[in-house]
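Using the sequences and the accompanying hints, generate a full structural model.
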Amino acid sequence: MSATSHLLKVVIQTVMAAPMTNDQSWFYALALGVSFLKCLLINAYHSTDFEVHRNWLALTHSLPVSQWYYEATSEWTLDYPPLFAWFEYGLSHIACFFDKEMLVVPNLNYASPATVLFQRLSVIVADVVFFYAVKECCKCLREDKGKDLLGKPSFILTVLLLWNFGLLIVDHIHFQYNGFLFGVLLLSIARHCQNRHFEGAFLFSVLLNLKHIYLYIAPAYGIYLLRCFCFTQSNADGSLQWRSFSVVRLVILGTIVLSTFAVSFGPFIALGQLPQVLSRLFPFKRGLCHAYWAPNIWALYNIADKAFSILGVKFRLLDINKLPKASMTGGLVQEFQHSVLPSVSPLATLVCTLLSILPALFKIWHRPNGARGFLRCLVICALGSFMFGWHVHEKAIMMAILPLSLLAVDSRKDAGIFLMLSVTSHYSLFPLLFTTQELPIKIFLMLLFTIFSLASLKTLFRKGGALLNPLEVTYLLGLIPLELICEFVYPLTVWQKTFPFLPLMLTSVYCALGVTYAFIRLYISLLTCSDTTKKTKMQ
Amino acid sequence: MENWSLFSLCVLLGLTSRWAVSFHSYSGAGKPPMFGDYEAQRHWQEVTYNLPVHEWYFNTTNNDLNYWGLDYPPLTAYHSLVCAYVAKLLNPEWVELHASRGYESHSHKLFMRATVLFTDILIYIPAVLLYCFYFCDGSSKQKVATALCILLYPGLILIDYGHFQYNSVSLGLALWGILGLGLGWDLFGSLAFTLALNYKQMELYHSLPFFCYLLGKCIKQGLIGRGFFQLAKISLTVLVTFALCWMPFLSDPKQPLQVLHRLFPFGRGLFEDKVANTWCSLNVLIKIKTLLSRETQLFLSFALTLLFILPSSLKLLSKPNLWQFKLALVNSSLAFFLFSFQVHEKSILLAAFMLPLLVKDGLLLPYVVTSLAFLFLSLYLLSALERSTEEELRLGLYRKLTRHWLPKLNLSRIIKWKFWFSLVAMAALSFTSVWLEPPAKFPDLFPVLVSILSFLHFLGFIIYFNLVQLMEPQRKKSQKKTN
Numbered sequence: 001m002s003a004t005s006h007l008l009k010v011v012i013q014t015v016m017a018a019p020m021t022n023d024q025s026w027f028y029a030l031a032l033g034v035s036f037l038k039c040l041l042i043n044a045y046h047s048t049d050f051e052v053h054r055n056w057l058a059l060t061h062s063l064p065v066s067q068w069y070y071e072a073t074s075e076w077t078l079d080y081p082p083l084f085a086w087f088e089y090g091l092s093h094i095a096c097f098f099d100k101e102m103l104v105v106p107n108l109n110y111a112s113p114a115t116v117l118f119q120r121l122s123v124i125v126a127d128v129v130f131f132y133a134v135k136e137c138c139k140c141l142r143e144d145k146g147k148d149l150l151g152k153p154s155f156i157l158t159v160l161l162l163w164n165f166g167l168l169i170v171d172h173i174h175f176q177y178n179g180f181l182f183g184v185l186l187l188s189i190a191r192h193c194q195n196r197h198f199e200g201a202f203l204f205s206v207l208l209n210l211k212h213i214y215l216y217i218a219p220a221y222g223i224y225l226l227r228c229f230c231f232t233q234s235n236a237d238g239s240l241q242w243r244s245f246s247v248v249r250l251v252i253l254g255t256i257v258l259s260t261f262a263v264s265f266g267p268f269i270a271l272g273q274l275p276q277v278l279s280r281l282f283p284f285k286r287g288l289c290h291a292y293w294a295p296n297i298w299a300l301y302n303i304a305d306k307a308f309s310i311l312g313v314k315f316r317l318l319d320i321n322k323l324p325k326a327s328m329t330g331g332l333v334q335e336f337q338h339s340v341l342p343s344v345s346p347l348a349t350l351v352c353t354l355l356s357i358l359p360a361l362f363k364i365w366h367r368p369n370g371a372r373g374f375l376r377c378l379v380i381c382a383l384g385s386f387m388f389g390w391h392v393h394e395k396a397i398m399m400a401i402l403p404l405s406l407l408a409v410d411s412r413k414d415a416g417i418f419l420m421l422s423v424t425s426h427y428s429l430f431p432l433l434f435t436t437q438e439l440p441i442k443i444f445l446m447l448l449f450t451i452f453s454l455a456s457l458k459t460l461f462r463k464g465g466a467l468l469n470p471l472e473v474t475y476l477l478g479l480i481p482l483e484l485i486c487e488f489v490y491p492l493t494v495w496q497k498t499f500p501f502l503p504l505m506l507t508s509v510y511c512a513l514g515v516t517y518a519f520i521r522l523y524i525s526l527l528t529c530s531d532t533t534k535k536t537k538m539q
Numbered sequence: 001m002e003n004w005s006l007f008s009l010c011v012l013l014g015l016t017s018r019w020a021v022s023f024h025s026y027s028g029a030g031k032p033p034m035f036g037d038y039e040a041q042r043h044w045q046e047v048t049y050n051l052p053v054h055e056w057y058f059n060t061t062n063n064d065l066n067y068w069g070l071d072y073p074p075l076t077a078y079h080s081l082v083c084a085y086v087a088k089l090l091n092p093e094w095v096e097l098h099a100s101r102g103y104e105s106h107s108h109k110l111f112m113r114a115t116v117l118f119t120d121i122l123i124y125i126p127a128v129l130l131y132c133f134y135f136c137d138g139s140s141k142q143k144v145a146t147a148l149c150i151l152l153y154p155g156l157i158l159i160d161y162g163h164f165q166y167n168s169v170s171l172g173l174a175l176w177g178i179l180g181l182g183l184g185w186d187l188f189g190s191l192a193f194t195l196a197l198n199y200k201q202m203e204l205y206h207s208l209p210f211f212c213y214l215l216g217k218c219i220k221q222g223l224i225g226r227g228f229f230q231l232a233k234i235s236l237t238v239l240v241t242f243a244l245c246w247m248p249f250l251s252d253p254k255q256p257l258q259v260l261h262r263l264f265p266f267g268r269g270l271f272e273d274k275v276a277n278t279w280c281s282l283n284v285l286i287k288i289k290t291l292l293s294r295e296t297q298l299f300l301s302f303a304l305t306l307l308f309i310l311p312s313s314l315k316l317l318s319k320p321n322l323w324q325f326k327l328a329l330v331n332s333s334l335a336f337f338l339f340s341f342q343v344h345e346k347s348i349l350l351a352a353f354m355l356p357l358l359v360k361d362g363l364l365l366p367y368v369v370t371s372l373a374f375l376f377l378s379l380y381l382l383s384a385l386e387r388s389t390e391e392e393l394r395l396g397l398y399r400k401l402t403r404h405w406l407p408k409l410n411l412s413r414i415i416k417w418k419f420w421f422s423l424v425a426m427a428a429l430s431f432t433s434v435w436l437e438p439p440a441k442f443p444d445l446f447p448v449l450v451s452i453l454s455f456l457h458f459l460g461f462i463i464y465f466n467l468v469q470l471m472e473p474q475r476k477k478s479q480k481k482t483n
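Respectively, the protein sequence lines represent chains A and B. Using UniProt numbering, you'd call the opening residue of the first sequence number 1 and step up by one each time. Using UniProt numbering, you'd call the opening residue of the second sequence number 1 and step up by one each time.
Calculated directly from the structure, the hints in this document are not laboratory data. The C-beta atom is built at its ideal place from N, Cα and C for all residues, glycine as well. Errors might be hidden in some of the hints.
[Said to hold, decoys possible] Partial pick of chain A residues on the chain B-facing surface, computed with a CB cut under 7 Å:
id, residue
1, LEU30
2, CYS39
3, ASN43
4, ILE451
[As the list claims (entries may be wrong)] To spell it out: a stretch of chain A is covered by chain B in this simulated footprint if at least three of its residues, at any positions, have a beta carbon under 8 Å from a beta carbon of chain B; those stretches are:
id, region
5, 266 to 280
6, 440 to 448
Next up, the structure:
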C-alpha cells in the first residue's frame, strides 16, 4: 500500500473513529508529532548557515549556471556539489511566493519573517524523505510478534531516528538540511539490506553529489559492493570465491555511478569549470581544528601538547620565549602550531584516517557479514574519518550515530556502544547553540532523547545484565557537572574574560575521551564478530 | 518501559513545547503607550518593589492606577515582589520606578518567561502528574497518555507562555486543592484552594463546589459529632490563610475595601471586547449594555448566575462524592463564565475561542501548531470519539425521553458528526479571521462570529453537564475513588 493511500486511510479512520486495526498508525503519529515540534522551533535562533542557504537560493535563482561556482558577492560561496545547487534552484521557485527579496543576491543577511518561515518549512518538508527512509529501515529489522508497542524494535528505532536530538538541534535550530541528506543515506542502506543493490548504489552516488562529505564512507560502499555484489557467491566458510566475479554487475554499477556524476558535473565539465568547482568543494581550510575543537583525536593531541608545554616550562625543560605565541595564551586560533609534539599536516591526517579504516575494510573483504557487517564498517569509516580528519566539524559525528541506531536495536553490545557514543556526541553539540534562549530547549531535548534511549534499550535487552558498565555510567554522569560548570558556574567567574575558550576546550576533550572509547569498542566488536550470515534475516 | 521514564518524557515534552512557544511574541509587544499584560506584570514588580505595602492598591503620585494598576489579590503582589528581587539582582533597570515603563529587551523577556516556567515546574506540573497517577482510571499507559494531553493543553500554554500570564499558579494551586480533597486531606485541600483564591479572584468560579462538597461531607458525618469538628477545622484553616495573606492590609479598614474595589471593578460595565458569554451574544440582538441601567445589569447577571449554579451545588451538597465534585466544578465555572459581570475572554482558557486575542499578540503559528497537535493527540491517544456511545455519555435518561419522539436517532453518530462540524466551523472561522477582510459595515464581524459560535457551544456544554450531574445514571466502572 503506498504511503499516501495509507495516510489517507489513517485520516479517514480517525474521522470515522473506527478502531485502528492497522498497527502502522503509530509511525505517522510520531512523524506528525515531531513535525509539530519542528514547527514550534521556527522562531528559534538560527546560525550563519541560514544566510548560507539564503545566499544559495539567491544565486541559483538569479544567476545562470555558468556563474554559480564563480559568484563571490557573499563570503558564503557555493561549496556543495551541483545536485544540491539544483535542489536549491528548485526551492527558489517556491521561495518566490513567500518573499521575492530573499532571492536578490546583494541582500546579504536578509531574514524577513517570510524568509525564515519559508526556509524552516523547506527543512521540515524535506524531512519527508527522512521519514520514508526510516520506514524502509524498519522493514529490515527482525520483528517479534506480540510485543507491546513501546518494546518493539521498530518503534524504538523510529523514535531514535525521527526524534534524534542531533538532527533536531542541527537541522531545525542551527539550520541545515541533514535530515533530507541522511534520508537518502538511510534509504540507500535500507535498499542494500533488501538486496536491491542497484538502487542502493544509485542513491549513494546521488548522495555524494548532494554533499561530498559522504566521501568519508565511500570506501565502505566500494569494498562491500565489490566483495558482496560483484562476486556473486562466497565459499562455505565465507571466504572469497574468485571465479564468481560478475563483470556485468560491475559494469552496471560503474555505469550508474558514472552517469550520476555525469549528470551532476557534466554541465560544468562542458563549460570547462571543473577545476573551479573542485576548488570550491575542497577549499584548503587552514587549521587542524575548527575554532571549537571537534571531539576527536586531535583535540586530545592538542591538549597533550598544551600540557607538555606547560609542564616543560614549569620544570624549565623548555624556554618560554622559544614557544609559538598562540600555544601559551590559551586561545583557539585556526592555525594551530604545536609546541612540543610534532605539527600535523593535512597529508598526515589523511594517512592516519586511511590507516584507521583499513583493518575494517580488510575485515569485510575477508569475511563479510552481509548487510550488518557492511553497516558496521560504514560506521567505523565515518567514525575513523571523524577521529583523524582535517578540520572536522563536530556535526560530522551524526554520520556515525544515525547508522549505529540501526545496529543498536539489533544487538545488545551495539546498544551499549550506541548509548555511550550518542550521549557523548549529543553533548558535544551543545556549543553549537550558545544563546541563553535556547539553553532550556537543548537541555530538555537532550534529556528527552537520553532518557528514552536508555529506558527503551534497557527494556529491549533486559535479559543479560546491564547495558553499560559502571565506568561508562560514571563517565556519562560526569557530563552533568561538566555542563553545570561550563554553562552556569564558569561564566560567573573571573576567568571568563581571560580564558573564554576554556569551557569549550573542556567539553571537546571530555567528549573526545568518550568518542575514542566508543571507536575502539566498535572496532573490537567488528574484528571479533563471528560470521552469522546464516542466522540473520538481513543478508 | 518503566513508569518513571514515561512520565518524565511527558513532562519534558510539555516543558519543551512551553519554552518553544515562549520564543514568540507576547501581549503588547512593541505597542506603546499601554503595551499589554506583559508590561502589566513587569509594572507590578516595579510597584511592589519600590513602594510600601499600603500604597500598592491606591492611586498615588507614585502609583498611577490607570496604568496597569494591581487588580489581583495580594498573593500575586507578593509573587511579583519576589520576582522583583530577582530582577533587581540581574538588572536594576528592569524595576526602576517610573523609568522602567515600557522596558523591552531580549534578556528581560527571557527573565519573565523563566519566571513563568519556574512556577509552572514548581506548582502546576507536579499537581498534574499526581492527579493522573492517583485519579485516572486505566492502565499506567493510559495515565501517561492523559498526563501528556493535559500538559500539552494549548489554552494554558498559549496564554501563559505566549500572551503572558501566571494562570499555572492559580490553576495549579486549585488542582492541589482538588488532589487534597480527593485523597481525603480536607485541610490541605482547603489550604491550597484558599491560596489559589488569594492568587487570582477568578478562582471564585470554583469556590462554590469546594464549599458545597466540604459542607456536604461534614453534614454526612453528622453535624453534632465529628462533622461539626471537621467543619470547624476547615473554617479555621480558611480563615487563618486569608488572614495571613491579607495581614499587611488589615491595619487600616480602608485597605481591604480598596483592594476589593480593585478586584471587582463593578464600575467597568457588563462586558468588554468580545467575550463568548451570554451578555455579549445577547448584545448583538438587543443592546442590553445601553438599554438597562448599571444596577439592573448587576442584578440580572447575579440572578442568572445563581440560577444556573444552584441546581448543581445543591446536588453536590446532597451527594458529596468526587465524581459530583468534578462535574460541579465544570458547571460552576461555565455558569460564572456565561453569566457573570465583567468576564474576560481569557477566563475560559480554551484556545480556539481566544483566536482574535492570539492573532493580535502575533501568536498565530503557535496557536495553529499546538491546537492541531492537541486535537490529534487527544483523538489518537484518548480515542475520544470511540467513546461517544450513550453509555459513555451517560445520557441514558435522555435517551428514554427522546425515544418517543425521535426513535430513529443514533446519538453517537450525531455526536460524532456534530464534533466534526464544530471543528470545521472553527477552522473556517480561524482561516477567515486571519486572511479575509471583514465588510466595511461590520468591522467586528469575525470576532463576533467567533464569540457567538463559542457561546452556543458553552450553552450546550452547560446544559449537558448539568443533565449528567443531576440525573446521575449508574456508572459502569466501580466507584472505588469516591469518598
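**Message:** Tell me if the interface restraint on A:LEU30 is satisfied: Cβ within less than 7 Å of some Cβ in chain B.
**Reply:** 11 Å, violated
Three residues or more, CB to CB closer than 8 Å: is that satisfied between the region 440 to 448 of chain A and chain B?
holds (count 6)
Check: If you take the shortest Cβ to Cβ gap from A:CYS39 to chain B, is it below 7 Å?
Finding: A:CYS39 check passes; min Cβ-Cβ to chain B is 5 Å, inside 7 Å.
### Hint status (Cβ of A:ILE451 to nearest Cβ of chain B, threshold 7 Å)
5 Å, holds
* To do: Could you check if A:ASN43 really has its C-beta closer than 7 Å to a C-beta on chain B?
  => 4 Å, holds
Whether chain B covers the region 266 to 280 of chain A (at least 3 residues having a Cβ closer than 8 Å to its Cβ atoms)
violated (count 0)
In summary, the numbered hints that this structure violates are 1 and 5.
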